[in-house]
Every structure is written in C-alpha cells, then in structure tokens.
Amino acid sequence: MRVALFITCFNDTLFPGAGKAVVTLLERLGCEVDFPLEQTCCGQMHVNSGYGHEAEGLHERFARVFGGYDAIVSPSASCTAHVRERVESIGGKVFELTEFLVDRLGVTDVGASFPHRVTFHPTCHSLRLLDVGDRPLRLLREVRGIDLVELEGARECCGFGGTFAVKNADTSMAMLSDKVRHVLDTRAEVCASADTSCLMHIGGALSRGRTGVRTMHIAEILAAQE
Amino acid sequence: MSFKTAARETLQDAQLRRNIGKATTLIREKRLRAVAELPDWERLRDAGEAIKASAMATLPEQLERLEAAVTAAGGTVHWARDGAEANAIVASIAKRVGTDEVIKVKSLATDEIELNEALEAEGIHALETDLAELIVQLNPDDKQSHILVPAIHRNRAEIRALFEQTIARGQSLGNEASAIAEAARLHLRNKFLTVPMAVSGANFGIAETGTIGVVESEGNGRMCLTLPRVLVTLMGIEKVLPSWQDLEVFLQLLPRSSTAERMNPYTSLWTGVTPDDGPREFHLILLDGGRTQVLEDEVGRAALHCIRCSACLNVCPVYERVGGQAYESVYPGPIGAILTPQLRGLDAAPSLPWASTLCGACYEVCPVKIDIPSILIHLRGRVVREEQSKLTPEALAMKGMAAAFATRRRYEAAQRLARLGRGPLAKAAIPGWTAMRDLPEPPKETFRDWWKRERGEG
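Chains C and S are the protein sequences, given in the same order.
For the record, in the first sequence the residue sitting at position 17 is 17 according to my numbering, with numbers rising by one throughout.
For the record, in the second sequence the residue sitting at position 283 is 283 according to my numbering, with numbers rising by one throughout.
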C-alpha cells in the first residue's frame, strides 16, 4: 500500500525520530511511504489559539499537498483530529498511526522487540477526539520483551494544551506534577504516547527532575528490534 | 484580574487543592457508576440536547406560553432585562410584604445578579438555607467555588470551626457530620416557620403547564417553597422547557450528572398558587441578563443549554487544581469559562476562554452534550479578533507563523531559525516554558533534511 506521511511541523522540526520510526515501521509492514516535501503545518495551533482565519490558507494547502493520496498516516493524534475535522475534502483519509496499523493494515503484532519497562500516556486528543481506544495498548502488548505497566490517572490531561503550558504555566505545572508522579510510581524506564507534544511537556519535567525516565513516541517502540 | 493571576493565588492554597481534589475524585467515580446503570444514557443525552436546542430556537414563543400558564394558575409574571431590574422587583415585593428578612433556596441566578447585596442595601437580609451556601455566607471572607457544592473547598474541620464561632455560639459540636448538620438545622428551623417570604431559583419552567421545578438534596428548599406566605422565583429565561414530558429526560440526566444519584432526594414542582396549600402569592421573575445576546452567537449559544449539573467541573483537571474562585464568577469551571464571558461580555473576562487545555473531558460528561472545547475555541477567536486591532506580540507571532507556513521555502527557513531558538514564537514561549521544564535538545537535522539526504527530493 502506498501511503503519505503527514509528519506534522512539530515532529519535523523537533522530534524527527518519531517520523523516522514511522517510516521504518510502515516499510517493514510492506507499505510504500512517501513524504510530500511541500507539507508544512496543519493549522491546529492557529485555530486553537483563536487565530482561525490565519489557518484557512493552511487547510487549503494541506488539501492540495495531500489530495492525491488514498491514505495519509500521521504520528500525531492531535494533528490527525484537527485535519479530520477541519479539512473536509481530505480529512477522512488521514489516519493516526495506531489507527492505521490496527484498522487499515489489520495488524497488532508489528514484529517489534523492546525489552524495557514502559508506561503509556493516552493523550486527550487520541482518547476523546479520535477515540483510538485501546489500539495503542493492543500494539504494545505484542511487543517482544516489553514490560507494559498501567499508568494511574492515565486519562487525565498532562497540562500541555499547546499555548496553555505557557499562558497558564502555574496551572499547567500543577497538572504536570501529578502526571509525573504517576509516571514515577510505575517505575517505568520509558513513558510513551502517540503525541510528542504531550511528551515534550512530560519529558521536560522528567528531565528537570533528573528522574532518568525517558519519553518515546509509540512509533519508536513499535519500530524497535532490540 | 486575569485567570492566570487568580489561579496563581488559589494554587498556593494546598489545603484547598487537597479538599477539591478529594471531593471531585470521589464524585467522578460515583458518576461513572450511576451513568453506567442506564443502557440508554447516550440517547438520553441526545434527547436532552435536542429538547434544549428546540426550546432555544422557539424561546419567545415558549416564554409567552409560560407566562400565560403561570398567570392562569394564579401567579404573577415579571420580566427583568437585567439584574438591577430583577433585584428591584424582589425588593419591592419584600417591602410590600413588610419583611426585613427573606429565606432563600440556592439559586445561581440570584448570585449572578447579586441579589443578596442589593437586598441588604435596602435593609432586607437574605438568609441562605442551602447548607453549603450557608457555610459560605457565614464567613464574610469566603466565596463559593462550585455550582452544586459551593463550599467544596472546605473540609469538615473547617466547617465545624466556622459553625462553632457563628450559629452554634461557642458550643462545641464534635467531629460527627450529623452533629455539625444539626447545628444548621436548629438555626434554620425557626426561620422557616417565621419568615413570610422566600426567594428561589428554578431548574425548569414548563411552558405547557406553567409548572416550576426545583431539585435539591436537603429539604431546606422544600421548606422555603412551601412554608412562607409569599414565594418569588427568579428564573433565567433559558430554563424554559416546552412540555411536561420533557421532565422525563432531565430528571434522569440531572441527578446522575450532578450528585451521581439515581434521583435527587427532593423534587418540588408547583403551578401558580393552590387554595389552602403552600404560598398565598407566587411571583415568577424571568431574567434576561445578557441571555438574548448570547443567543445571537450561533456557536456560543449552546452554553445556554446548561442545566447546572456541574459534571464538567468535577472532571476538569484545571478546575481541580485551581478551584472555583480562580474563575471569579458564580459559574466556574469549563461551563463558567464559556458562560461568564458571554453573559458579561468578552471584555469583562477575556482570559477565561484560555482557562482550558481543550482536553475534552467536559464535553465527554456533559448531559446535554455542550461542545465546550469548540465553544472555547470560538470565543478565543472572538477575543483575538477584538484585540487584533492592537496587534499584540502574540498576534504578530501568529501572523508571522501563518506566513512562514504558507510556502515550503519560508517554512524551511523558519525551521532553521527555530532550531537556533530564535524567531517570534520561540522568543515568546521559551521563558514561560523553561522556568519549570527543560526543553529538548534541538535535533541535529529535521525530519525533512533526513528524508532529503536519504531519499532525495523525489
């Protein structure tokens, strides 16, 4: 199957590892991956910050760049939800990675091996805007050697919320400190998720606290063959 | 004060955070169980949403039907454009009755228009009879912080101390909840039997029959509604329901969403006046108070569907940390963040639409399916458009970024800047971020540079 990778501006610029892992993973599963270089940003940040009119051009651009593909895969639940809702002509063809693997490719065992203790933070947008349900966990459970541990308060927001983390930094930190406490309680080596934006937030506190816990995009675990 | 500043203050209060966290966690779990008992919960939500939408779409007609039915049943209907008009109507009734004291059953609408303060200025004391309202009222420095449980930020020990200093007049009450409640009961009972006038809110006003409904847990409300000679009900115009049958839906949705009970302990329904039973006089004040203005906003108007259950407060991670007082409104939490700026005007509370991470937990639980995150985004847009003439640093950054994202060449140039920690957004965002969190090391190459290196420009 030929698929287009919608990497998102955030991953492209700050977390290229997530994108590389998606490429590795999809190619291992027999997909032909294309990366349309004309892609930029889906406009979510503008819309959510109240600058919806600035995003209109970006929505049109998205539809133009990805218009020729039947399936578009993204390592971000948040951006997937945005284009699905806002880019009418093409939104229905965009899949968040775990949705694509489970629903379109019909696999849960992706041939990964990752012998580490891992906990999973299901981001708000993957839970409530995309309704991905337990798809990420079904994929992770099939990973060889993984010790997957449940995260208390998993469904609760980590406090990132885009510009919220900066505009209401104190409240954001109060939420984050509870999330981090729950992560530490699991004694996991790795906190994984389907959105690197939330992971940047959680990882920022894990790093500041010198906890030694790493954050990883779920694609990086599913691509791993350690 | 902005939400950010108010929240910074309440976040300092560790006891408040513990009290609220404990209470909301408990009720969240109870609500899940109560809702799971109904196999048709989602269909009930759909029905609730549809009834509210149709009532709002035909509001003038419904209100006229309500007025006619109440009048036919022997009640008197008053129309109030704003709080000042409503307050004046209540005060004039009290003066005619000749009382300097009225008893009240919890009503957010009266809090919204600051009725107690207005009556006090006229020499009339309004005594709250709802236990939680009474707790807040007894402490002049306190403010309510929850729609349903205004004293949610207080624990038992704090309440006991407050009662011992006030209504129990120095008497020791012990640590039993029942003994603490008994002190309030004794204090209130005498008032129920002697005060000639009560003021209530309304959960529903049924246009078809002119019936007003109040649901509550303590029975203090029932006392107010049945014992005094004169009953005045203040109802926001959005509380109207077209037909009696609509109650079937809301009496299932409301208690399970608010107190996580199958049915609230007291449901009082009355239609006008009845000879030899209950109040001799009944007045219904229909309050606009900005509501028709909210109706003009096609997206924002769904906020008027709210049935004040407070489920959204109890699941909101922001509310759980900062408490209701940070919202500086009688309507706190997610619903307050969309209702307050609309009722008072965006310029009165411009920071509230940003008091959310858009996590969506509020929408998930709302019994009438108000899409709070979408309305927050819509209101952010309205605030930004009104501020845009000022061209704030943020507006300039957003414009700059939209321009940068418009072509691949500019986007790639902006990426190079961002990786150096420069550019408008990085400058605005980084101080607020790095005060408390580390930023990741910038990667050596972007994904697209890696792709081009590996696969070419293809």
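These aren't lab readings, by the way, just hints derived from the structure by calculation.
Careful, some of the hints might be misleading.
Claimed, not checked - Under the rule of at most 16 Å between Cα atoms (straight-line distance), these lysine to aspartate or glutamate pairs were calculated in the EDC-like manner: (1) S:22 - C:34; (2) C:20 - S:445; (3) S:143 - S:9; (4) S:369 - S:40; (5) S:95 - S:281; (6) S:369 - S:42; (7) S:369 - S:46; (8) S:399 - C:178; (9) C:167 - S:394; (10) S:369 - S:49; (11) S:452 - S:412; (12) S:452 - C:170; (13) S:95 - S:122; (14) S:452 - C:38; (15) S:191 - S:328; (16) S:143 - S:328; (17) C:20 - C:32; (18) C:93 - C:56; (19) C:20 - S:328; (20) S:95 - S:67; (21) C:20 - S:454; (22) S:191 - S:101; (23) S:4 - C:38.
Okay, the hints, checked on the actual structure:
For the hint linking residue 22 of chain S to residue 34 of chain C, the alpha-carbon distance of about 50 Å lies beyond 16 Å, and the restraint is violated. Restraint check for residue 20 of chain C and residue 445 of chain S: satisfied, since their Cα atoms lie roughly 12 Å apart, inside the 16 Å limit. The hinted pair formed by residue 143 of chain S and residue 9 of chain S meets the criterion: a straight-line CA distance of about 14 Å does not exceed 16 Å. For the hint pairing residue 369 of chain S with residue 40 of chain S, the CA-to-CA distance comes to about 15 Å; that is within 16 Å, so the pair holds.
Simply put, residue 95 of chain S and residue 281 of chain S have alpha-carbon atoms about 14 Å apart, close enough for the 16 Å limit, and the pair holds. For the suggested pair residue 369 of chain S and residue 42 of chain S, the alpha carbons sit about 10 Å apart, so the restraint of at most 16 Å is met. Simply put, residue 369 of chain S and residue 46 of chain S have alpha-carbon atoms about 7 Å apart, close enough for the 16 Å limit, and the pair holds. Restraint check for residue 399 of chain S and residue 178 of chain C: the C-alpha separation of about 35 Å exceeds 16 Å, so the hint is violated.
Straight-line distance between C-alpha atoms of residue 167 of chain C and residue 394 of chain S comes to about 11 Å, which keeps the hinted pair within the 16 Å bound. A distance of roughly 6 Å separates the Cα atoms of residue 369 of chain S and residue 49 of chain S; the hinted pair therefore holds under the 16 Å criterion. Of the pairs offered as hints, the one joining residue 452 of chain S and residue 412 of chain S holds, with about 12 Å between alpha carbons and a cut-off of 16 Å not exceeded. Note on residue 452 of chain S and residue 170 of chain C: the hinted pairing is violated, with a Cα-Cα distance of about 41 Å set against a maximum of 16 Å.
With a C-alpha separation of about 9 Å, the suggested pairing of residue 95 of chain S with residue 122 of chain S holds against the 16 Å cut-off. Straight-line distance between C-alpha atoms of residue 452 of chain S and residue 38 of chain C comes to about 12 Å, which keeps the hinted pair within the 16 Å bound. Of the supplied pair hints, the one linking residue 191 of chain S and residue 328 of chain S is violated, its CA atoms being roughly 31 Å apart against a limit of 16 Å. Taking the CA atoms of residue 143 of chain S and residue 328 of chain S, the gap is near 9 Å; set against the 16 Å cutoff, the hint holds.
Among the hinted pairs, residue 20 of chain C with residue 32 of chain C is consistent with the structure: their alpha-carbon atoms are about 14 Å apart, no more than 16 Å. Of the pairs offered as hints, the one joining residue 93 of chain C and residue 56 of chain C is violated, with about 19 Å between alpha carbons and a cut-off of 16 Å exceeded. Of the supplied pair hints, the one linking residue 20 of chain C and residue 328 of chain S is violated, its CA atoms being roughly 47 Å apart against a limit of 16 Å. As the CA atoms of residue 95 of chain S and residue 67 of chain S are separated by approximately 24 Å, the hinted pair breaks the 16 Å bound.
This hinted pair checks out: residue 20 of chain C and residue 454 of chain S have alpha carbons roughly 11 Å apart, not beyond 16 Å. Restraint check for residue 191 of chain S and residue 101 of chain S: the C-alpha separation of about 9 Å stays at or below 16 Å, so the hint holds. With a CA separation close to 38 Å, the supplied pair residue 4 of chain S and residue 38 of chain C exceeds the 16 Å bound.
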